[in-house]
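Position chain B relative to chain A; hints supplied.
These protein sequence lines map, in sequence, to chains A and B. My numbering numbers the first residue of the first sequence as 1 and each following residue consecutively. My numbering numbers the first residue of the second sequence as 1 and each following residue consecutively.
Hints are not guaranteed to be accurate.
Residues from chain B that keep clear of chain A, each with C-beta distances beyond 10 Å, as calculated [unchecked claim]: (1) 115; (2) 136; (3) 186; (4) 208; (5) 227; (6) 233.
Below, computed lysine to aspartate or glutamate pairings styled on DMTMM-like, alpha-carbon distance capped at 25 Å [to be verified]: (7) 24(B) x 227(A); (8) 89(B) x 137(A); (9) 89(B) x 227(A); (10) 18(B) x 126(A).
Label pairs and their computed distance ranges (CB to CB) [said to hold, decoys possible]: (11) 9(A) x 237(B): 23 to 33 Å; (12) 247(A) x 166(B): 25 to 35 Å; (13) 5(A) x 147(B): 50 to 60 Å; (14) 256(A) x 85(B): 43 to 53 Å; (15) 25(B) x 36(A): 38 to 48 Å; (16) 245(B) x 21(A): 39 to 49 Å; (17) 24(A) x 180(B): 42 to 52 Å; (18) 62(B) x 88(A): 36 to 46 Å; (19) 21(A) x 118(B): 30 to 40 Å; (20) 30(A) x 81(B): 37 to 47 Å; (21) 21(A) x 85(B): 26 to 36 Å.
Read the hints as simulated data drawn from the structure, not as lab findings. Note that beta-carbon positions come from the ideal geometry of N, C-alpha and C, so glycine has one too.
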Amino acid sequence: MTDFLASIGAAFLTFLAAAGRLALFTGRALAAGASPPYYPRMIARQIVFVGYYSLPVVGLTALFTGMVLALQSYTGFARFNAEGAVATVVVLSVTRELGPVIAALMVAGRVGAAMAAEIGTMRVTEQIDALTTLSTDPLRYLVLPRLLAGALTLPALVLVADIIGVFGGFLVGTYKLSFNPVAYLTQTEQYLATTDVVSGLVKAAVFGFLVALMGCYQGYHSRGGAEGVGQATTYAVVSASILILLSDYFLTQAFFAR
Amino acid sequence: MSDAPVPKIPKIAVAGLKKSFGSKSVLDGLDIACDAGESLVIIGGSGTGKSVLIKCILGLLRPDAGSIRIDGEETVGIGNAARARLMLKFGMLFQGSALFDSLSVWENVAFGLIQGRGMPRQQAHQIALEKLASVGLGPEVGSLGPAELSGGMQKRVALARAIAAEPEILFFDEPTTGLDPIMADVINRLIGERVRGLGATAISITHDMTSARKIADRIAMLHKGRIIWQGPTAEIDRADNPFVDQFINGRAEGPIQMEVRAA
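Next up, chain A with everything else stripped away, as it sits in the complex (with noise of 0.2 Å):
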């Protein structure tokens, strides 16, 4: 019995020092941010490759889930006919949940694998030391301008997919559910108000810094060579993904539950 309190106790006491270490990696890149040397060259090369090279696995998912849900919501809603309500529920939908949500788990594992692998690879071959002897400070220099990238970037790229999961929708409301497409227009524009958007932006900036921050931390913390990098690489990955989902939840409830 007292073995296997023993053991909860063991693993409770090992996520609490794993979210302790997390913390403070954050809170010194964060702070690292408070004084120059500033390193404007490697943020914008994150903007680049987190924003633009993302556009097309964003845009194709995003394109397609707008599609589905005009589908899905129309079937379902015929039902109890409320097929009227489908440029409504897509606009909606996209824009607060389906557009930041969907972006977020691409771009994490798109980029926050990417991070954690270069990272963790710059850790196992002594690069990341090589820095701090060369008088540059790793989080300054590495972990700060993708965390600074993933929060900026995200936000219009789910801007991006908020545009193209409508225009998904729009696709098949006219082409395939015969939805005369002013009306459809008119319907998607007029239930749909500024916090709609803005809430989802918000939730975007947070998932592109989960994102970053996941990739960062857990590259940051490889060892062991190539396992240990490919290790990095996989919790970069799920750790990201459970972390936008049940932050998403909070938000949601932050913005919307009265």
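Coordinates of chain B only, in the frame set by chain A:
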């Protein structure tokens, strides 16, 4: 810098240094000192804590106990700003070269100048090419990526990067590991030349005795977390120490038992 040198104070003085990882003690009350301008080589088998010692002196690892004095000043437990100033005195050649593969060769060499010291890129480029020339590499190498170079060439670039900011103290971690004997000799000779050229203090760790004999003024042997012998390079063959004797002659039988697990 214009002050008269005080001969009594060693450049680097390590006393009672302890470091363990989990339950495994790696450094166990280690004492070593190195005078200004001296080239000290620390020998010892794999996993005896040579790298850990260097990383403690550099501040990459935090020792559990003990003192590390640089120019007479205690460096264990100093703040980030003081550590950053101290780091400007150091140059380090890593075992695997540790070149940044996202940057070109010249940007690697100039990295400490541009990022660490805020030098304009144009000026740093000039210095980088000079440093590359001083390790026998032409300016055409500067624009290549590190991955395009052979291991020996990478070592040369890493050496150029370590000396680019003309540090007072240089560290070399297994400088000849993984190189063929000829390239190893080239690197040994370059290290000797560059260290003397800068008038720098050098601490190297190696298990390559040929290399140790070539670059050392003084050799110290590390075993089980302590220095068990030290003396001028010429005396190592007359050391009359069974551990040293086994190591420099490379015999499997003797008092040193190989550790199975890495440090």
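- [ ] May I ask which of the numbered hints given earlier this structure violates, with the numbers listed in increasing order?
- [x] Violated: hints 1, 9, 11, 12, 18 and 20.
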